[in-house]
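There are 6 protein chains.
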Amino acid sequence: MIFFQTHEIEAWINEDAPMVDLTSHLLGIEQQSAELSIKTRHPTRLTLMEEAARIFEILGARVVHCSHSGQDVDSDTLILQVVGRADALHRGWKVAMNLLEYLCGVATHTAQMSSQVASVSAIPLLVTRKHLPGMKKPMIKAILNGGAHPHRLGLSETVLVFENHLNIIGGRDALAHKIQAMKHAACEKKISIECDTLQQAEQAAAAGTDLIQFDKVPAAKLTAWTAQLKQSHPNLQIIIAGGVTADNVKAYAQSGVDGIVLSSVYHAKPADLGVTIQPLQD
Amino acid sequence: MIFFQTHEIEAWINEDAPMVDLTSHLLGIEQQSAELSIKTRHPTRLTLMEEAARIFEILGARVVHCSHSGQDVDSDTLILQVVGRADALHRGWKVAMNLLEYLCGVATHTAQMSSQVASVSAIPLLVTRKHLPGMKKPMIKAILNGGAHPHRLGLSETVLVFENHLNIIGGRDALAHKIQAMKHAACEKKISIECDTLQQAEQAAAAGTDLIQFDKVPAAKLTAWTAQLKQSHPNLQIIIAGGVTADNVKAYAQSGVDGIVLSSVYHAKPADLGVTIQPLQD
Amino acid sequence: MIFFQTHEIEAWINEDAPMVDLTSHLLGIEQQSAELSIKTRHPTRLTLMEEAARIFEILGARVVHCSHSGQDVDSDTLILQVVGRADALHRGWKVAMNLLEYLCGVATHTAQMSSQVASVSAIPLLVTRKHLPGMKKPMIKAILNGGAHPHRLGLSETVLVFENHLNIIGGRDALAHKIQAMKHAACEKKISIECDTLQQAEQAAAAGTDLIQFDKVPAAKLTAWTAQLKQSHPNLQIIIAGGVTADNVKAYAQSGVDGIVLSSVYHAKPADLGVTIQPLQD
Amino acid sequence: MIFFQTHEIEAWINEDAPMVDLTSHLLGIEQQSAELSIKTRHPTRLTLMEEAARIFEILGARVVHCSHSGQDVDSDTLILQVVGRADALHRGWKVAMNLLEYLCGVATHTAQMSSQVASVSAIPLLVTRKHLPGMKKPMIKAILNGGAHPHRLGLSETVLVFENHLNIIGGRDALAHKIQAMKHAACEKKISIECDTLQQAEQAAAAGTDLIQFDKVPAAKLTAWTAQLKQSHPNLQIIIAGGVTADNVKAYAQSGVDGIVLSSVYHAKPADLGVTIQPLQD
Amino acid sequence: MIFFQTHEIEAWINEDAPMVDLTSHLLGIEQQSAELSIKTRHPTRLTLMEEAARIFEILGARVVHCSHSGQDVDSDTLILQVVGRADALHRGWKVAMNLLEYLCGVATHTAQMSSQVASVSAIPLLVTRKHLPGMKKPMIKAILNGGAHPHRLGLSETVLVFENHLNIIGGRDALAHKIQAMKHAACEKKISIECDTLQQAEQAAAAGTDLIQFDKVPAAKLTAWTAQLKQSHPNLQIIIAGGVTADNVKAYAQSGVDGIVLSSVYHAKPADLGVTIQPLQD
Amino acid sequence: MIFFQTHEIEAWINEDAPMVDLTSHLLGIEQQSAELSIKTRHPTRLTLMEEAARIFEILGARVVHCSHSGQDVDSDTLILQVVGRADALHRGWKVAMNLLEYLCGVATHTAQMSSQVASVSAIPLLVTRKHLPGMKKPMIKAILNGGAHPHRLGLSETVLVFENHLNIIGGRDALAHKIQAMKHAACEKKISIECDTLQQAEQAAAAGTDLIQFDKVPAAKLTAWTAQLKQSHPNLQIIIAGGVTADNVKAYAQSGVDGIVLSSVYHAKPADLGVTIQPLQD
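Protein chains in written order, with our numbering: chain V, 1 to 282; chain W, 1 to 282; chain R, 1 to 282; chain X, 1 to 282; chain U, 1 to 282; chain Y, 1 to 282.
Looking at chain V on its own, in the form it has when it is part of the complex:
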């Protein structure tokens, strides 16, 4: 679903052990066969499973069992089992565990938020580009496995005008004059404008924008504004970003908007996983 290049996965391995694994070397366990098992410690939406498995395969181990990304598993479920040289398993252990704990945390929290939305509406949960630099691939895989969609992957794919653009071009009136030209030039894209007030949204809609992204508008006010805007501009898309939490997401999902944008899932509590390495009889 997301393609991780070989060097991306190898870089994670190399980061943690650029040279010898000193402890394994001093203990002399390099030639022993062993088995590594990873189990959940609470219900978890899985992600990055295929990449965790590849870490061990790259290190020469063999994958015996690997649950699929996107799957929901209970507590105490075996999700990954690999066999190989003891030093290879020790080398991959924390890298795979860190990867899975952080990203399954993201996927699990995303799934909880998505499920709240889905319980009251068919609109999507959209996740922003506000993640740690360098982490776009794992984060996007995690939110997709959590049932959300990427809001915008970056600057090259969508048209979204922020206040910081308006400062440069001379404000919202100047923008209104440009919208038709932008729609023509980028006829395959939707033109989106960030708005803080109903008045700004009315102006943008009148100028022909395809989509309004409201920023930090409370759900009740948003419900009213959306109704009013959709009445006069039935094809207008409206989404809300900023201030969405587990507590208010259902209210937002029922506000009449077409999508809910948030970033906070990237910062979800990591999942808790147990990892055991046991000797194998050769």
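If you're looking for bench data, these hints aren't it; they were derived computationally from the structure.
Treat the numbers as computed from the prediction; the structure is a model and nothing was measured.
Hints may be right or wrong, so weigh each one.
As the list makes no split between identical chains, a pair holds if one copy fits it or if it spans any two.
Unchecked claim - Here are the computed lysine-lysine pairs in the PhoX-like style, where the Cα-Cα straight-line distance is at most 20 angstroms: (1) K216 / K250; (2) K94 / K39; (3) K39 / K130; (4) K269 / K94; (5) K178 / K269; (6) K130 / K94; (7) K216 / K94; (8) K94 / K221; (9) K190 / K230; (10) K39 / K178; (11) K221 / K178.
With the hints as your guide, set chains W, R, X, U and Y onto chain V.
Chains W, R, X, U and Y in isolation, oriented as in the chain V frame:
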């Protein structure tokens, strides 16, 4: 302090905008001069400032002001100001902001934890290798700027025996027989053993280990154990890992251990920063 | 506008001269100062100028003059002038020349096609992702400088259903049932369907698709179909791809479609440039 | 024959789909098994077949059939067949197709030119380093599979003196004094000089050069000059570069030169290939 | 034991043959099957065997026999045998041979030095970071296979104060005041100080340093100093660096120090290996 | 002369200090200004000076003095002086020193061998591709600065037939039949054959080879063979490889061959350099 290679910083830029910045292109702001300012929204321990500045320099902008990493600043402080082409500033905006928000969050929380420890003790806060794969450099810079020290950077530099090693070699008795040989072979390193109980620690200390890393021992019990162990083995180092929180860190800092190990600062709440881009008269 | 990472430009230099420049070395010209000048041999729309300049800067030379990408210049115009060590100029010569000749050829041909369209219509020329693998950045910069827009940069940013998708899901009827769900899920994107016939387009439009991409439909037929489709679905976007040439592009531009998609500009005749290296008095 | 590093091929895949394949994801075809077939639409000299196959293997698909690079195939021939997950095939489709279409175009045109030469002479067709930067490996593989040879791969391997060198060292008289020293220093290499006139060539030959590369001399004149030069310098190699086309290549091949140098094959019309993706019963 | 990333090994292959293997191509041996055998020409301690094998596997050949790194073999022993296409074997030949000859030379010499030490003492041979830049991984693997240990892998893992640090902080008295603070801050590390004289060492030991690294002290004097220092500071570690040779290493090993540091093994005489490529009947 | 990409130099820095410089950090010298000086300890032919300087520039230091590569300097000469932050100088210290010591050792020994040859003959010293994998660029720069020439940079640039090729094609008779075809196909290259005996050389010369590379033939015998071969084939080039040492190189240089090939200079004794870091008054 930490050296980021050119391609590491350029990869962050490229990740967010692999091709054109479509919005800036359609708005036609590419030739305009502008100024970008980043301000804090709460007291913050800064980090990754030099790297945020490099993002803009690589994009051809000029740094007018850049506060230093490691500095404490109040709310509403201008920490970075750059001037350049409007499209360059828009391209660097979110990359720099994401970098600073996540990592200053880590540094600020680390500083709070370090300061709690320092208020009662001279022992160090030690931060583990349990971070998102690929993020070691920014995370280590952040915790150093937060006043902590790296616990172990990875497998190649320190000797730390876990339960998962003991499983392979045949348990703690087998380990005890190996400690002297390990100390001789790695005479420049300290040999560290993870222990759960006082009995395990007594055995390891008797066998000559340099350092005991206790895992998830409550502070009161730890205080007693440490006193007992230090009495019989005055040169033994003792550190505690697992279960350390803002609520109990002072108690741990007074328990007599030589260091406190934790990972949770990597997952600190991101800092909140405000970014403004304004036109410049050429 | 497009950001080329340092290693991308350095790789071009390294590709042509992985080790010593044997001829310059044997001639002993390494310590001499010289000036390199690049002139056009016919009217040219410039592109990749900034990257050509960077090639020489990376090699330690100094840029004296560099015309801007996007500019139209006449024949016999000096577009790039650099001074530096003779061996540095020789090393950069063909790399910069090849880059400029191929890509300015693309930009110039794109500009000619764009200008044909613009002479009769306000719709955009859209250029596909059908370029040599590895060449996306220079090619996209060239077509942007030629006044066209990228059609889709790749698979991650737009939704475009081809016949090869329909084969998998069970044909156009199956697709029709999915369109509303796709529109909801990707509410910030337009859903686009490739069609060969009016009937296919009618079905897709009725199912709610945002955009029809016709494949290889003659201009006259396209004009009729577009009129008919727009009457019943006024918000529907229609674009045409396949078979657009310099001879028929005006007819397509007047067919009522919202955009014209083509790939052939990537394969434009390279521009012809003259490069001279002359000694400088130190 | 040419070794493509893993990251070179993976970069092509990543360029086209840096994140999710949005269309395949929204259509939900990720778990379906499918078969991709590539057929020729005209007689074609194949090249880059092994690399196209590797694209799919890297994506986890299995190669069922792959014709060899260097082979001549008729129209409507199945040249590549792979089976795998539908989303993997969609991800590799255009990358492989673009690679094959551009490069098989180069190989096919090279084969046509080579065959024209071979019909009247045993001399080689030599292809220059004047290709798109970054494309040396695929281009060289294509011209080798087309039956030509690389003229010079770059600056580090051969000695070829151009006018732009002469400008620096003080002209052809200065060069003549250096040729013996260059021959001694680089005794394993041939010393080559670009010449425009017979007089220049006579001077270079008299000074001991191993090879004359004439630039844009018409075939008739070249025939006469070659005869004259070979009479006085029987060991002298003579090659012609510049202005060679399909129309005149036979005349050049009969002019008495030892090789024909050209660049235009790099810009051959891409081959036309048909790609079909069909579902497989699991 | 040491993990070499795919691109690290592929870079070696690419360095030697960036494009076609011209000789094999002209000889037309690309489709022939062949077998490559590598034999020792003197008793050798093997290393980098797994990486040499990977070179050929990456090139599509199959490994028939591969002796293990760390093994001692006699003269005239077959250590690596692979079968594959003749051009693949020719491409890997010198790369693998150079790798093995240089590094087995290092391992063999290290083994000789280690064995001298082991004949009189249980202390380790410690090898510095003074190797060719870019060669850390192969060199560390070679010295580990030679029975030595890395002294310090680099700046990020150990604390070692040199004269060039003392110049900056104001000399040894200034250092003495800092040692306790350094020991607290880096409680998991040993604090090491380079000393030239007994007096310097006494001062450092009194200040609480964990380890003294003497620089170029003759063995007899070192024996006396070590005895004196250990008497007053029984837990103090002492190591010697500089001036250790095959002639005096036993004397140093008996001097009472805890480890012997040297760099010269990196510069050991390369091993001599014979490589044969023979045709296989298909 | 040789172009080192930014990431190549940055990788050297990163290899030695992947994270913080722990000693400098604990000593708190990061904000101090300092000066680093490198002096020779014996007469030295310099090389890699520009790259050593770039190491410090990349780390933010300023180069005050840098002697040129290729220069001969006496003992106790200041060859590099940089000023900057103390921690930057400490970080670059050993990386630059290792680079210079190993490679200046190569250059100095090459210069000695070249000068021996030059004292009796005008023929070149040619250095093989038998270096540590990954070290081609620094090694080739070093031997060029030592006054030698690269023998062959790798497989892609020259045609040299070894015994291991003959095994595949069926021996020397088979080769003789192929030489004319090879000469035609690669008309810009010299065809070279490795020979052990006069008879083999006679056969190759008769078949038209351009160059004979004798392997390990004693100088006296070589002198006789060369005279005999040159008499019958005056244009034939002859070079000798294998067994050339400082003791016999003059004899070989007078044997009548056209070039002397060796590898041993890559393994020259490293140069000895002194490095001092001193504080600067800010």
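Quick rundown of the hints versus the structure:
1. Taking the shortest Cα distances, K216 and K250 sit within 20 angstroms of each other inside one copy (15 angstroms), while across copies they are farther apart (38 angstroms).
2. In the homo-oligomer, the alpha carbons of K94 and K39 lie at most 20 angstroms apart inside one protomer (14 angstroms), although the nearest pairing across protomers, at 36 angstroms, exceeds that limit.
3. In this assembly of identical chains, the alpha carbons of K39 and K130 lie at most 20 angstroms apart only when taken from different copies (18 angstroms versus 30 angstroms within one copy).
4. When the C-alpha separation of K269 and K94 is checked against a cutoff of 20 angstroms, the pair qualifies only within one copy, where the shortest distance is 17 angstroms, while the shortest distance between copies is 23 angstroms.
5. Neither within a single protomer nor between protomers do K178 and K269 lie at most 20 angstroms apart by alpha-carbon distance, with minima of 43 angstroms and 35 angstroms respectively.
6. When the C-alpha separation of K130 and K94 is checked against a cutoff of 20 angstroms, the pair qualifies only between copies, where the shortest distance is 7 angstroms, while the shortest distance within a copy is 26 angstroms.
7. For the identical chains of this complex, K216 and K94 are inter-copy neighbours only, at 18 angstroms across copies versus 39 angstroms inside a copy, given an alpha-carbon limit of 20 angstroms.
8. For the homomeric pair K94 and K221, neither the shortest alpha-carbon distance inside one copy (47 angstroms) nor that between copies (28 angstroms) is at most 20 angstroms.
9. In the homo-oligomer, the alpha carbons of K190 and K230 lie at most 20 angstroms apart both inside one protomer (17 angstroms) and across protomers (18 angstroms), since each shortest distance falls under that limit.
10. Proximity of K39 to K178 under the C-alpha cut-off of 20 angstroms is found in neither arrangement, the shortest distances being 55 angstroms within a copy and 31 angstroms between copies.
11. With identical chains, the CA atoms of K221 and K178 are never at most 20 angstroms apart, being 28 angstroms at best within one copy and 32 angstroms at best between copies.
Checked against the numbered hints given earlier, this structure breaks hints 5, 8, 10 and 11; the rest are met.
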